[in-house]
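2 protein chains.
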Amino acid sequence: MSSVICQLSVSLDGFVAGRDQSLEEPLGVDGERLHDWAFAGDAGPTRDADIAARHGEGVGAYIMGRNMFGPPDRESDPSWRGWWGEDPPYHVPVFVITHHPREPVPMEGGTVFHFVTDGIESALVQAREAAGSENVQISGGASTAQQYLKAGLVDELYLHVAPIVLGGGERLWDGLEGIRFEPYEVVPSPAVTHIRYRVLR
Amino acid sequence: MSSVICQLSVSLDGFVAGRDQSLEEPLGVDGERLHDWAFAGDAGPTRDADIAARHGEGVGAYIMGRNMFGPPDRESDPSWRGWWGEDPPYHVPVFVITHHPREPVPMEGGTVFHFVTDGIESALVQAREAAGSENVQISGGASTAQQYLKAGLVDELYLHVAPIVLGGGERLWDGLEGIRFEPYEVVPSPAVTHIRYRVLR
Numbered sequence: 035m036s037s038v039i040c041q042l043s044v045s046l047d048g049f050v051a052g053r054d055q056s057l058e059e060p061l062g063v064d065g066e067r068l069h070d071w072a073f074a075g076d077a078g079p080t081r082d083a084d085i086a087a088r089h090g091e092g093v094g095a096y097i098m099g100r101n102m103f104g105p106p107d108r109e110s111d112p113s114w115r116g117w118w119g120e121d122p123p124y125h126v127p128v129f130v131i132t133h134h135p136r137e138p139v140p141m142e143g144g145t146v147f148h149f150v151t152d153g154i155e156s157a158l159v160q161a162r163e164a165a166g167s168e169n170v171q172i173s174g175g176a177s178t179a180q181q182y183l184k185a186g187l188v189d190e191l192y193l194h195v196a197p198i199v200l201g202g203g204e205r206l207w208d209g210l211e212g213i214r215f216e217p218y219e220v221v222p223s224p225a226v227t228h229i230r231y232r233v234l235r
Numbered sequence: 035m036s037s038v039i040c041q042l043s044v045s046l047d048g049f050v051a052g053r054d055q056s057l058e059e060p061l062g063v064d065g066e067r068l069h070d071w072a073f074a075g076d077a078g079p080t081r082d083a084d085i086a087a088r089h090g091e092g093v094g095a096y097i098m099g100r101n102m103f104g105p106p107d108r109e110s111d112p113s114w115r116g117w118w119g120e121d122p123p124y125h126v127p128v129f130v131i132t133h134h135p136r137e138p139v140p141m142e143g144g145t146v147f148h149f150v151t152d153g154i155e156s157a158l159v160q161a162r163e164a165a166g167s168e169n170v171q172i173s174g175g176a177s178t179a180q181q182y183l184k185a186g187l188v189d190e191l192y193l194h195v196a197p198i199v200l201g202g203g204e205r206l207w208d209g210l211e212g213i214r215f216e217p218y219e220v221v222p223s224p225a226v227t228h229i230r231y232r233v234l235r
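Note that the protein sequences, when read in sequence, are chains A and B.
For the first sequence, the residue numbers in our numbering are 35 to 235.
For the second sequence, the residue numbers in our numbering are 35 to 235.
With the rest of the complex left out, here is chain A (with noise of 0.2 Å):
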């Protein structure tokens, strides 16, 4: 059966992305560091590029918040296509909850962004439909991630924990004080610690 899985990055004090977010730098002061593990790969096979590799294995749909997509001033702006160039590395539909309707935008590669406007759990039902029999991933930014854990609608959160201290920025566990977890899939290595968690009901 398909599930639905929340993937991140996360510091050691639980932030996903760095203090001052900003055009020029969308994760923060030193957001960027919580995903050096996935580009290590450049210098030769390692556990964690493959599990990078695998990052959109069995995943039929995306979902993130809007700030994933754009800055806030240029989210419905037409030009503005996503931070992710123009071949996303989701090549399926992904789903942008946000305030502001805009048409779907087509990218090279498959990834179409489409706009939600009606709240999270619409998008989980456009998701699943897109997603047919495969999973859909939940990919971020912390409120999102939060929303949906606080919904009951995560099967597991999947996280890939960096051996770094951000001191500030979006924090992840904010508001999620009773929820269990199960750690069922623990692969470490030097850089990242990668770690499933069952979400217990």
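No wet-lab data here; the hints were simulated from the structure.
Do not rely on the hints blindly, as some may be mistaken.
[Stated by the list, open to error] Selected chain B positions facing chain A (Cβ under 7 Å, derived; list incomplete):
no.	residue
1	Asp47
2	Gly48
3	Val139
4	Pro197
5	Gly201
6	Trp207
7	Leu210
8	Glu211
9	Phe215
10	Glu216
11	Pro217
12	Val220
13	Pro222
14	Pro224
15	Thr227
[Unchecked claim] Ranges between beta-carbon positions, derived for each pair:
no.	chain 1	residue 1	chain 2	residue 2	range
16	A	Thr80	B	Glu155	37 to 43 Å
17	A	Met35	B	Arg108	54 to 60 Å
18	A	Ser113	B	Gly186	46 to 52 Å
[Said to hold, decoys possible] Away from chain A, derived, C-beta distances all over 12 Å, residues of chain B:
no.	residue
19	Ser56
20	His89
21	Thr132
22	Asp152
23	Ser177
We put the CB at the ideal spot given by N, CA and C, even for glycine.
Fit chain B to the supplied structure of chain A, relying on the hints for placement.
Chain B in isolation, oriented as in the chain A frame:
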């Protein structure tokens, strides 16, 4: 060579104790759940029980903050002999960092509480001397761990990451920005993820 190891159980959101610590709940609300993994072995042998049983292996002396010895209004009361009963689970000298001088308190089983009033470096010198060729373990709380980490005096951070979200309490990661860690041993279980980090200089 002997090492300085900081060993802590921590929640997903980075707390080593819950909200509202008190005489009745020294670990705060839900804080005891951080340590559930260590007692799971009561039901039979597990990897967690094995790790818990090896807690003091190779440790020749402990260092702890005063809250780990007693509540603020009791620590210099001669009738207060710690939270840990007459035979505390240390069995070697324990150096308590405090502002209140007090004669050493010998307990059953080899534990002796020593009270250090001239700072963390002095406590470490005394603990190293007591430990000889064995390791010194810093057992918390958060503030004591932070002070040693910030001072560059810790070789290893050994975390037991409990899959719970406390939402408040004593946070480990405050003020530790810029310190680099390297995970070098990870032992998974459904109850907790044990991660040993080298603290890089």
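Would the hint on B:Leu210 stand, with a C-beta cut-off of 7 Å toward chain A? holds (4 Å)
Return the status of the interface hint for B:Thr227: holds when the least beta-carbon distance to chain A is below 7 Å, violated otherwise. Since the shortest Cβ distance to chain A is 5 Å, the answer is holds.
Answer holds if the nearest beta-carbon of chain A is closer than 7 Å to that of B:Pro222; otherwise answer violated. Because about 4 Å separates B:Pro222 from the closest Cβ in chain A, which is inside the 7 Å limit, the hint holds.
For the restraint on B:Pro224, tell me whether the closest CB of chain A is nearer than 7 Å. holds (5 Å)
B:Gly201 as an interface hint toward chain A, with CB separation required under 7 Å: Interface hint status for B:Gly201: holds (4 Å vs cutoff 7 Å).
Proposed interface contact between B:Phe215 and chain A, which counts if any beta carbon pair is under 7 Å: holds (4 Å)
Does the claim that B:His89 lies off the interface hold, with its Cβ farther than 12 Å from every Cβ of chain A? holds (21 Å)
Are B:Glu216 and chain A close enough, Cβ to Cβ, to be under 7 Å, as the hint says? holds (5 Å)
Examine each Cβ of chain A, and state whether all of them lie more than 12 Å from the Cβ of B:Asp152. holds (29 Å)
Hey, does the B:Pro197 contact hint survive, CB to chain A under 7 Å? Constraint on B:Pro197 satisfied, holds at 4 Å.
Classify the hint on B:Trp207 as holds or violated, based on whether any CB of chain A lies nearer than 7 Å to its CB. holds (4 Å)
Verify the interface restraint on B:Val220: the C-beta must sit less than 7 Å from at least one C-beta of chain A. This interface hint holds because 4 Å falls under the 7 Å limit.
Hint compliance for this structure: hint 3 is the single one not met.
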